[in-house]
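Trainee: Sequence:
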Amino acid sequence: MASLNFIFGLLGNLTTGLVYLSPAKTFWHIVQRRSTEEFESIPYISKLLNAYFWVWYGIVKPNSVLVASVNGFGAALEIIYVIIFLIFAPPMMRGRTAVLAGVCDVVFPGTTVL
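Numbering (this note's numbering), first residue to last: 55 to 168.
Simulated from the structure, these hints should not be mistaken for lab results. All C-beta atoms, glycine included, are put in the ideal place defined by N, C-alpha and C. A hint or two may mislead.
What the hints assert, rightly or not - Restraint ranges, calculated between C-beta atoms of paired labels, are given here: (1) 75 to 163: 19 to 27 Å; (2) 67 to 89: 32 to 40 Å; (3) 78 to 156: 23 to 31 Å; (4) 76 to 147: 35 to 43 Å; (5) 100 to 123: 18 to 26 Å; (6) 76 to 148: 22 to 30 Å; (7) 111 to 137: 23 to 31 Å; (8) 114 to 141: 29 to 37 Å.
Kindly generate the complete structure, drawing on both the sequences and the hints.
Mentor: Rendered as structure tokens:
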């Protein structure tokens, strides 16, 4: 039974990894056009916060290496996505995105973990 749980865990990790990779085409488009155009940063900032909390959960809960690993991968990708967004966003949107990312993805998780 344990091996069946592990297999389904791996399938869940694969699916979650693909969900984290799904915005790659959008960011390829942003890099090619050198503009964020009408794209918003909120989905990527919120996915990063979500990944942070799942990594934390995977670390503190015993036998949750799969949860921590896939969400660590997701957090790394989301950080890259947010950085790309900040590079190519117009100045006004860049400031708003930086503040939102700072509060949601640095201050809030930091105070929660402490």
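Trainee: Just pull the numbers of the violated hints for me, sorted ascending.
Mentor: 4
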